[in-house]
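Following the hints, complete the assembly by docking chain B onto the known chain A.
Residue numbers (the numbering used here), protein chains in the order written: chain A, 1 to 409; chain B, 1 to 546.
The set of hints was computed from the structure by calculation and includes no laboratory data.
Note that this is a predicted model, so its numbers are computed, not measured.
Any given hint could be a false lead.
[Unchecked claim] Away from chain A, derived, C-beta distances all over 12 angstroms, residues of chain B:
#, residue
1, G246
2, D402
3, R480
[What the hints assert, rightly or not] Selected chain B positions facing chain A (Cβ under 7 angstroms, derived; list incomplete):
#, residue
4, R80
5, F84
6, H336
7, E339
8, R531
[Unchecked claim] Label pairs and their calculated CB-CB ranges:
#, chain 1, residue 1, chain 2, residue 2, range
9, B, E537, A, E405, 22 to 30 angstroms
10, A, N398, B, G540, 51 to 59 angstroms
11, A, L300, B, G458, 47 to 55 angstroms
12, A, P178, B, R228, 35 to 43 angstroms
13, A, S260, B, D165, 36 to 44 angstroms
Using N, Cα and C, we set each Cβ at its ideal position, and we do this for glycine too.
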Amino acid sequence: MNSSTRSASDQVCLGCGCLCDDPVLESSGGTAVVPNLDCSKGREWFAAAARPLGPARAWIDGVPATIAEADRAACDRLFASRSTLIVPDSVSMESAAAIAALADRVRGCVEPAALRTRASELAAFQRVGAVSSTLGEIRDRGELVIVWGADLDRDLPRFRERFLSDRDLPGRTVLELPCERLPHDEAAFFAAWRAALAGKAVDRPRMLLAAGTFASDLDEWSRRIRAVAHTVLLVAERPERDRSAWSQILGWIRDRARVSRCTGLVLGGSANSAGIGAALTWNAGAPSGIDLRLGHPRHLPGSIERGAARGEFDLILRIAGRASSVDDLDYGNSSMRRIEIGPDAGSRVVPGDGVVQIECAEFGVDEGGTIARMDGVLLPVRPWRDTDRPRVVELLRNWVGRFDEDFSA
Amino acid sequence: MSTLLIKGGRVVDPAHGVDEVRDVWIRDGVVAAPDSEIRPDRTIDARGDVVMAAGVDIHCHVVGSKVTSARMLRPEELRRGESFGRSAAPRSRSGACGGIPTTHATGAQYAGLGYTTALDAAIAPSGARQAHLEFADTPILDKAMLILLADHHYVLESVRDGDEDRLDAFIAWILDSTKGFGIKAVNPAGIETWKRGGRALAHLDDRLDGDGVSPREILTALARSADRLRLPHPVHLHGLQLGIPGNASTTLETMRAAEGHRLHLAHIQFHSYEGDPSDTTTMRSGVAALVEEFNRRPELSLDVGQVMFGEATAMTADSAVGRFLHEVTGRKWISHDIELETGCGVVPITYHDRNFVHGLQWAIGLEWYLAAEDLDRVALSTDHPNGASFTAYPEVIALLMDRGLRDEMLARVHPLVRERSALADLSREYDLSDVARITRSTPARLMGLDRKGHLGVGADGDVTIYRPDIDKRRMFALPRYLIKAGEVVLDDGELRDWGLGRTYHASTARDLDREGSIEEWFNQRSTIRFRNFGAGEVEGAEAVNR
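One chain only, chain A, in its complex shape:
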């Protein structure tokens, strides 16, 4: 670790999906302060990210090994695997592209961790499409902004200041419905609301029933929506929301866009889910549920989880950001061999458990690359902490190169 103080402007904060890129960072030997960043979440993220990383460590089946030994063992297991599942999380778009290249070579499957819970949103998008905009458009033109089920102050602390300020659009109205007041059956509610806004006959008692406690605000919100020229619907990510509900929400936005200006945006975007999804899509045709086991890309939503449950995979390659992001996942049975790479890959070392672990640099801190904001805008991440640890993207590209060398004959 280099202990000299350094200052860097316009650093991207990965604390939430806003990806603020204006912080001025002052870092020195395990501390990082961002004096111009008025955001509790951002300050926490930079402070945590500044923790000193130890030297690179690696393990093979729980036994300490050199990086080179573990790297070779990981390669051998990958190339010998009958069926590999790759689960990336919080990696750069460059790494995501390398993952697609690797999966192509080992005939594996890819399921990004952050997109695992967004399968129903993707399915609805593939049925309806989406009318959306970048955050700057919302800032500049969003006359009426509806925040549907999100706690902006908690989850995206600078969102209001950056994108919903009266300074940018005087007279803007922001209507917020907290998560606990969301209709229980969003699909039924949005279907009825769409009809009502379109002037069609609806069963009003049923609509109000579906609206739950929101029923008391419904008429006023509808009146405001009809009165403005540009509405924005900001929708919180909800893993439990099914395809029907997403379809109705996307349809609601589309309906409004046909009569006035209206756009929508899903609030989220942590873990570079949009960037990973895009890179996988241009490489393999889909953002998730990618199956290359037959040698060519197929998009099979849900099949990977089912396949894992049936024990179809004999190896899982987890490529993670910080420990918390992938630890929740449980793919397949415990007998599956694993390769884990990431900054916290060595957080749980169990002797003899069939795991290759390699501690790597951390994306956004000591590994650079490209990241996508929740609205699809791409930003460059420049590393600001020194480390001797291997970069994730280098490991992956080396594996691809080694595969080509080993199997080119």
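Coordinates of chain B only, in the frame set by chain A:
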């Protein structure tokens, strides 16, 4: 030093007026003079074959967020198209085809048609970073991208203020920053009008509320700037009122508005309709008057945007067109507004031969190819994937070479098409030199790529070898060999090399004195910091100027 000899083929190289049997020598990646002292490392026996420079596509949509959003939107295309696995070739990749192929499939399919160069025609400035990442995963092809600038707020303000120096400085900076190749103008002022909720601008002299600028002012300012900055390619224009009956009169106005400056009219087919804007049943071809004007104006060039029957995907920065198509077809729709810059619309579309409008669009495209006198200003395109996939090029070429085939098709389309277009009266049949013009020499010259599109000494060693076939579609769909920079990429029909090509960008002289004010403007108006804008480092980048 490596030398390849292509021996005894019929060399068709219209850039040098060549159509004769001769040898082609390629040394160290470039076409070289014959040298009897040198023993070639490899000789390809091309006796009986047709030898042309490799193909150049001047207008397609193969990368960027709109293309990848469309890939995501249309899993049915992934399932519909054939997929292929990796081969034994170094760096080979699997791919998914269909109307919007994955990046590796895009490179492989272009190579499979004998093409080595493609120009993506519409990338938002803030989307350049993604487009370049996609280029890095698009093998074989040399490529470039046009940057959408006509509705950029900085451009609108500079044009409003009549400040040419400010405009030049901005364009020089943004092209360098995004590693863009040139200026794309889509419905100037029309996208901003749409974003403000206004009605579409129908005429060149309509004005954008507030800023007060007109499409004509934007277009001429950009065309002059492109010339002053010596950009390799002129302003590449998607005009007003795309797809609307009656738009031919606006296109005619647009042709005249160029005022002697170079202007490339993109997918002209979609802008060549007469009729009542509110009634598609009145639609008819407007090509006759337009082609007359085009023939008279050497500063103009065009690509056609040929429609072919079958599945396609409309994707455009012209958001209003996206909404229009969604309303007409009732199909799923992506619309995305991009701050300060532009818009985006994506809608699946199926062209039916029995549908009057689709049939007429098909005929109007062919009319353009057959009626234009100077093929040194006309380039083949389907506006991939808008009118059809680029993989339909062999079919388009076959139609141009064979009047009988056209008549057969014409008999199948809606009967009104024959009445409303002049296609049935056009007897012209392309020869191989004509084909080489619209697919090679013309697009390369219009792009300012001196080493592409021809086989003169010093040209890139990019060569396609076709086996003559009475079935012209088959001939152009299945070249025997593709040589890229002297390396045999397609060897007797099999892809052997998946190397990464170059990325061309415009070389511009930046005005550093003015960039401080651009940075200040940018940091006030954009949600991205100036320092974080642009493409970043681009592998294989090569600067081009005029």
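Right, here's what the structure says about each hint:
no. : hint                                : verdict
1   : G246                                : holds, 23 angstroms
2   : D402                                : holds, 35 angstroms
3   : R480                                : holds, 25 angstroms
4   : R80                                 : violated, 11 angstroms
5   : F84                                 : holds, 6 angstroms
6   : H336                                : holds, 5 angstroms
7   : E339                                : holds, 3 angstroms
8   : R531                                : holds, 4 angstroms
9   : E537/B / E405/A: 22 to 30 angstroms : holds, 26 angstroms
10  : N398/A / G540/B: 51 to 59 angstroms : violated, 21 angstroms
11  : L300/A / G458/B: 47 to 55 angstroms : holds, 50 angstroms
12  : P178/A / R228/B: 35 to 43 angstroms : violated, 56 angstroms
13  : S260/A / D165/B: 36 to 44 angstroms : holds, 39 angstroms
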